[in-house]
Amino acid sequence: MAFEVPKTAYSGRIKEIKLGSGDKAVIVGGETCYPLYLFEGEMPHPPRIAMEVWDMPPQEWAPAALEPFEGVTDDPVAWAKKCIDDYGAEMLCLQLVSTDPNGLDRGADEAAEVVKKVADAVTVPLIVWGTANLDKDTEVLRKVAELCQGKNLIIGPLEEGDHKKIGAAAIGYHQTVVASTPIDINLAKQLNILLGNLGVPDEMIIVDPTVSCIGYGIEYCYSVMERMRMAGLTQQDEKLQFPLICNISKEAWKTKEVHIPTEAEPKLGDAKKRGILLEAMSAMVLILAGGDVIVMRHPEAIKLVQEMIAELTAK
Amino acid sequence: MALTGIEIFKLLPKTNCKDCGEPTCLAFAMKLAAAKAELSACPHVSEEAKTKLTEAAAPPIIPVTIGAGDRALKVGGETVMFRHEKRFENPPGLALLISDDMADAEVDKRLKKFKELEYERIGLVLKPDLVALKSASGDKAKFEALVNKVKQSTDSGLILMSDSPDVIAAGLNACADRKPLLYAATEENQEKMAELAKTNSCPLAVKAANVEKLAELTAKLAEAGIKEMVIDSGSRKLRQAFEDQVIIRSAALAKKFRPLGFPTIVFPGEMTDDPLKEAVIASIFVAKYGGIIVLSDFQGESLFPLLVERLNIYTDPQRPLATTEGIYEIGSPGENSPVLITSNFSLTYFIVSGEIETSRVPSYLLVKDTEGLSVMTAWAAGKFVADAIAPFVKKCGIADKVSHRKLIIPGYAASESGGLEEELPDWEIQVGPREGSHIPAYLKSWQP
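Sequence lines, in order, name chains A and B. Numbering (our numbering) for the first sequence: 387 to 701. Numbering (our numbering) for the second sequence: 170 to 617.
Calculated from the structure, these hints are not laboratory results. It is possible that some hints are incorrect.
BS3-like cross-link-like pairs, simulated, lysine-lysine; straight-line CA separation at most 30 Å [as the list claims (entries may be wrong)]:
no.: 1; chain 1: B; residue 1: Lys221; chain 2: B; residue 2: Lys376
no.: 2; chain 1: B; residue 1: Lys537; chain 2: A; residue 2: Lys640
no.: 3; chain 1: B; residue 1: Lys446; chain 2: A; residue 2: Lys642
no.: 4; chain 1: A; residue 1: Lys653; chain 2: B; residue 2: Lys278
no.: 5; chain 1: B; residue 1: Lys284; chain 2: A; residue 2: Lys653
no.: 6; chain 1: B; residue 1: Lys282; chain 2: A; residue 2: Lys689
no.: 7; chain 1: B; residue 1: Lys221; chain 2: B; residue 2: Lys389
no.: 8; chain 1: A; residue 1: Lys658; chain 2: B; residue 2: Lys281
no.: 9; chain 1: A; residue 1: Lys636; chain 2: B; residue 2: Lys296
no.: 10; chain 1: B; residue 1: Lys318; chain 2: B; residue 2: Lys367
no.: 11; chain 1: A; residue 1: Lys689; chain 2: B; residue 2: Lys406
no.: 12; chain 1: B; residue 1: Lys575; chain 2: A; residue 2: Lys640
no.: 13; chain 1: B; residue 1: Lys303; chain 2: A; residue 2: Lys653
no.: 14; chain 1: B; residue 1: Lys367; chain 2: B; residue 2: Lys221
no.: 15; chain 1: B; residue 1: Lys537; chain 2: A; residue 2: Lys642
no.: 16; chain 1: A; residue 1: Lys701; chain 2: B; residue 2: Lys406
no.: 17; chain 1: B; residue 1: Lys284; chain 2: B; residue 2: Lys221
Partner residues aside, some chain B positions facing chain A, computed with beta carbon under 8 Å [said to hold, decoys possible]:
no.: 18; residue: Phe251
no.: 19; residue: Arg252
no.: 20; residue: Ser419
no.: 21; residue: Leu445
no.: 22; residue: Ala448
no.: 23; residue: Ser452
no.: 24; residue: Lys457
no.: 25; residue: Gln468
no.: 26; residue: Pro474
no.: 27; residue: Asn481
no.: 28; residue: Thr484
no.: 29; residue: Arg488
no.: 30; residue: Leu516
no.: 31; residue: Ile520
no.: 32; residue: His607
no.: 33; residue: Ala610
Derived list of chain A stretches under chain B, where covered just means 3 residues or more per stretch with a C-beta under 8 Å from a C-beta of chain B [said to hold, decoys possible]:
no.: 34; stretch: 419-426
no.: 35; stretch: 606-613
no.: 36; stretch: 652-658
no.: 37; stretch: 686-699
A virtual CB, placed ideally from N, CA and C, is assigned to each residue, including glycine.
Here chain B stands alone, though its shape is the one from the complex (with noise of 0.2 Å):
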């Protein structure tokens, strides 16, 4: 929580020097509240002052990035519980679990699903992030043999998995460079797993038994100096693991609690065995704040959605999905087939589309950009007008694609149909249906 001016002119010389540029020390506090300026300003501010100032700028949950490279993952940094609030930051990362127990064969065709299971929507691509890396056997050597491997497959960020530092330090061997998430850090190894995390700049999971003891064990972790920490609250029952993430994101935010002002790390799949249940359990972790979510296997079936729900919970809500604007071919339309028009809120875009596809009426979908606004709020703010939508017909190029000129706009910007006839002089303008769930039976009793 930031401090306040008062707060932070406690903590300055309090001399008036003028040296930062401000006619007092409290107008420079006041400045520093309002971040209008930077501490390093004060020339004299003593060491003390200093860390604490810039622990109480800290934000309440820790960003931390695992990974180096364009495909470093960021999470934490939330600040808020309910996402009408302001906005979630930083989804949760997905990560595919392999272990080094498995045949190189499976090891293989997990690599490859991580790589090949990309769904792209609305312009965006969506994947998942991360390769959680275990040490089932025990064994250095094989350990740093599979993380060798893994790291050549993909530049996605890595956690490694193990009790034993020894295991961990064997697997940094092999891609210390990649900064990867070290798991987990104990009550029993935590000296060990601090000093290699400490040692090769990498974020440090800590696990303990419950959440009391997880707070006690980040804050001597914290006193060692390890910033960066993802938790784990060793709950496998799904009651208890769901209450501890919202235990714990309202800790940090409500109460300031540093100790738990971490991003979590979830296991779905220590909380069951079945594929299908371990998938739902993840869906509520992706809304109820998840860190990161380890999958014990990756499926298109259960992927996907899983994406696509992390995408939608992480929507800004002050910010309206938009798709691009252009020209969308649903069901392979030819030169008779049936024109419609509609705004690049995605939402709009979805359900239209959707529609059309019920309809089995192959048909060209005009997308015209309206910032993201729906028909109607488009409509009314003046961005899905007929002279906004005539040039964007004009130019897009329907015309070369279809031989009849009959276009159909929305039934909520029926009132535009009498200025588009102008603009459009070559076009019959027809309205269609208001409603989505209308246009099937439409389409079908439509004659070119």
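So here's chain A without its partners, still in its complex pose (with noise of 0.2 Å):
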């Protein structure tokens, strides 16, 4: 029996988009093949990592997190730069976190004002996340856009409830948007054939389909990531051809695993190794299963999961 290696019939190919603009601009997406198998087809730019920056003190953040940011979580545009500068992010995703309702509950205006110190101070593409409220998104990121026009940010993330809204700002103020559904791929099918009859290019669109870490139901989001590149790559459905978004730095290290310290649990080994590990771990799960972008926050878990994807796209 002679040995052929198989390939699989693909007929699609994800969308490219372009991410932020100038020099650091990041293209992403344009897969003719499922992650990472590069034996049957191309994937011309590699997964990129985003590293997450609050716009709030974290209150309750791990030591082993909160220390690589020493001295500069209370100013976000420092620790934007440091981000940059000490640990080379390639992109940003400025979490709003001081916007929730159930927090902080910081005005529209003043979360924008914020988001336009951050994007005036970096030229790395810039992504804002709101808070899931619907209302208080509506209100804030209609606001990041129209402050920050010509920035090209990628804001999110739109809901179908609040997709309208914001979708229409994202489009006024040419800002690229994160099209948000829980866990679902007929709901996410479904928001962005709503974005496109908005008027959202194809090209300012990628999708979060809601993820979640290691031992918090990592599985759904994979088999469902999974099925939209099934559907995108090899059934033609040009709705589910989006680039894919994981915003998964937050899960992961709001884990009851993470918050253990060492000598509480010696089973589970040394503590700032494991928030590290169940971070990078996730993220390569969420990569194998079609991750473009991927929102993270440690360094050194951001480190291990760039070298995966170097070795594994190694010539």
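Put the complex together from the two separate chains, hints included.
Next up, the structure:
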């Protein structure tokens, strides 16, 4: 029996989108095969990592996550610069935690000013992530879109309930949108169609399937993402051919397991390394399922994942 | 791949003798194809047909058992490329490497770790499966002594690793009854290794320089009568090793290519010297088709997430994991602590208990058996409604643990509050948040 390398029959291609502007703009998407199946097709742009920045000092972070950002967590601009200068961030994700109505509930104008300051201070692509509260995100992200006109930000999450108002602002001020749905391939497709109907061009949409980390339901998003790639690449489903973004850092670092000190549970090993690995492994699993942009926190976890991507795409 | 009824019919005697109990050979063939009859019911079938039919009925990726008794491990037997197509069947075995050039103290330390690093999660015990014993010295006596020592320390399955059939034979002296995996038959030593595997009825690992050579070698060994094999495509570069896993799985499933229809074995520790990188590489092979993953060492910080990832990826997508019904105490609650109730979908439980923990408000969490459904689905299915919740609250014994009578129900079950107040007249029903992430804020302002 002669051996012949089997090949999947692909008929589609993931759309290419450009994030940010200028020299530091990043292109993602363009795959013609399953993630990293480079013997079957092309992955012209490797998955990218966006480093997370908060717009307020984090209260509940594990010491291991806080340590690399000591001294800058009360200043989003300094934090963003540190990510770029010290940790080589290619993209940033500013999480607008302060706007949470169940938390600090900072107003839209003030929040947008902070975004503007960060956007003016950096040249890498900037993702701006709200709190998934429909009313508040509408208010905040519309303001952000307006104030940062010309920056080609990536703003989200846009959900079915707020996609029209935020989507209209994104079109008006030329910002890319994150189309977000709760771990469901049909809802994701539907929102992509709705955004298309609204007039958001395909090259300005990146899809958030809603992700969770190892131990907290990663198998659900893993399979939904795999199904999206299958539909987009082998079943010519054009509305599922968008690049995927995974905001995983906040999920990984809020788990019970990363907050247990080394001494409290020796069987779980070193607390710092445990947190780093939980984040890195979760990110890796999501890349295998089709993630194009992964939002991450710990510089060492990022380095691990970047080394994996380099090795998996090595010539 | 199973044969069709017509294909089976061609292999039958076609005499319509009715000895099998069916009116015609064709009818019998149809029943065979539908797995509603056994070939042994036909007394006249030729040996040749028997072999062909048995071969055709074999699974595309052969299941292989390593070890004996309770801790025997089954790997392989996979039927799909993507878990959502059906499910992944047998989780990859995680193995700890012990080498005969390690000092006694190091060997003891590793054996201790192998035993102690177990974790309980949703009523399951997650633990590593295999010990891989490597002859680094090439000394037969030394290897046999190590195997003997390890065998007495654990009931787990073993992997014997050496290129030399003589060293493997020495290891087998100590543990043949434990049906270890023999690693590995290569182009050079295959005849002797095959002999050892056959005489001792042990599974045989096969290693070659690349996938093609591997297929040639397994074909040869299959001809020599070896059935249970575990395959190593030889690559220690991550990209090639990853692609080999995918190629092997799809050749076996999509092309029914028998020579690659076996579980694989991978060695992340031979691809890097950095323990953290090794762990992340292992996580790739958990998701993408590793059959056995040998780790150069175990550390809690990497073994734990790997075991949990394996549990997640190998969860049957059609059967959600459920948590046991009962009262869960989070952060040493007392008689004035809040009482919350939720469903027993394990993900719901993890999220809710995690958020309660984040709030740092010691609480009682009542987990109601909803057959693994989430709150909304269980509510819609009538399993998380007043008639079902009230009897559970009464009999679970929470009333003896708290002095107040306030029960917090999930926001998505708010419509049950009226019914519950009728069923539980002593209790005040409070409607909690809809989203888990709002639980901390809710609990922080809660008063008994």
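Cross-check of the supplied hints:
1. B/Lys221 <-> B/Lys376: Cα-Cα ~27 Å, so holds.
2. B/Lys537 <-> A/Lys640: Roughly 25 Å separates the two Cα atoms, so the pair holds.
3. B/Lys446 <-> A/Lys642: 23 Å, holds
4. A/Lys653 <-> B/Lys278: 14 Å, holds
5. B/Lys284 <-> A/Lys653: 11 Å, holds
6. B/Lys282 <-> A/Lys689: Distance ~28 Å between B/Lys282 and A/Lys689 Cα, so the pair holds.
7. B/Lys221 <-> B/Lys389: Between B/Lys221 and B/Lys389 the Cα gap is close to 18 Å, so the pair holds against 30 Å.
8. A/Lys658 <-> B/Lys281: Holds, at about 23 Å.
9. A/Lys636 <-> B/Lys296: The hint holds at about 27 Å.
10. B/Lys318 <-> B/Lys367: Distance ~25 Å between B/Lys318 and B/Lys367 Cα, so the pair holds.
11. A/Lys689 <-> B/Lys406: Holds, at roughly 19 Å.
12. B/Lys575 <-> A/Lys640: 28 Å, holds
13. B/Lys303 <-> A/Lys653: 26 Å, holds
14. B/Lys367 <-> B/Lys221: 22 Å, holds
15. B/Lys537 <-> A/Lys642: It holds: about 22 Å lies between the C-alpha atoms, which stays within 30 Å.
16. A/Lys701 <-> B/Lys406: Since the Cα atoms of A/Lys701 and B/Lys406 sit roughly 11 Å apart, the hinted pair holds (cutoff 30 Å).
17. B/Lys284 <-> B/Lys221: 44 Å, violated
18. Phe251: Since the shortest Cβ distance to chain A is 5 Å, the answer is holds.
19. Arg252: Hint on B/Arg252: holds, closest Cβ of chain A at ~6 Å, below 8 Å.
20. Ser419: 5 Å, holds
21. Leu445: 6 Å, holds
22. Ala448: 5 Å, holds
23. Ser452: Hint on B/Ser452: holds, closest Cβ of chain A at ~4 Å, below 8 Å.
24. Lys457: 6 Å, holds
25. Gln468: Hint on B/Gln468: holds, closest Cβ of chain A at ~5 Å, below 8 Å.
26. Pro474: 5 Å, holds
27. Asn481: With a minimum Cβ separation of about 4 Å from chain A (threshold 8 Å), the hint on B/Asn481 holds.
28. Thr484: 5 Å, holds
29. Arg488: 12 Å, violated
30. Leu516: 5 Å, holds
31. Ile520: 7 Å, holds
32. His607: Nearest chain A Cβ about 5 Å off; hint holds.
33. Ala610: This interface hint holds because 5 Å falls under the 8 Å limit.
34. 419-426: Our answer is that it holds, as 4 residues pass the Cβ test (under 8 Å) against chain B, meeting three.
35. 606-613: holds (count 5)
36. 652-658: That given contact holds, which follows from 6 residues of the stretch 652-658 of chain A lying within Cβ reach (below 8 Å) of chain B.
37. 686-699: holds (count 8)
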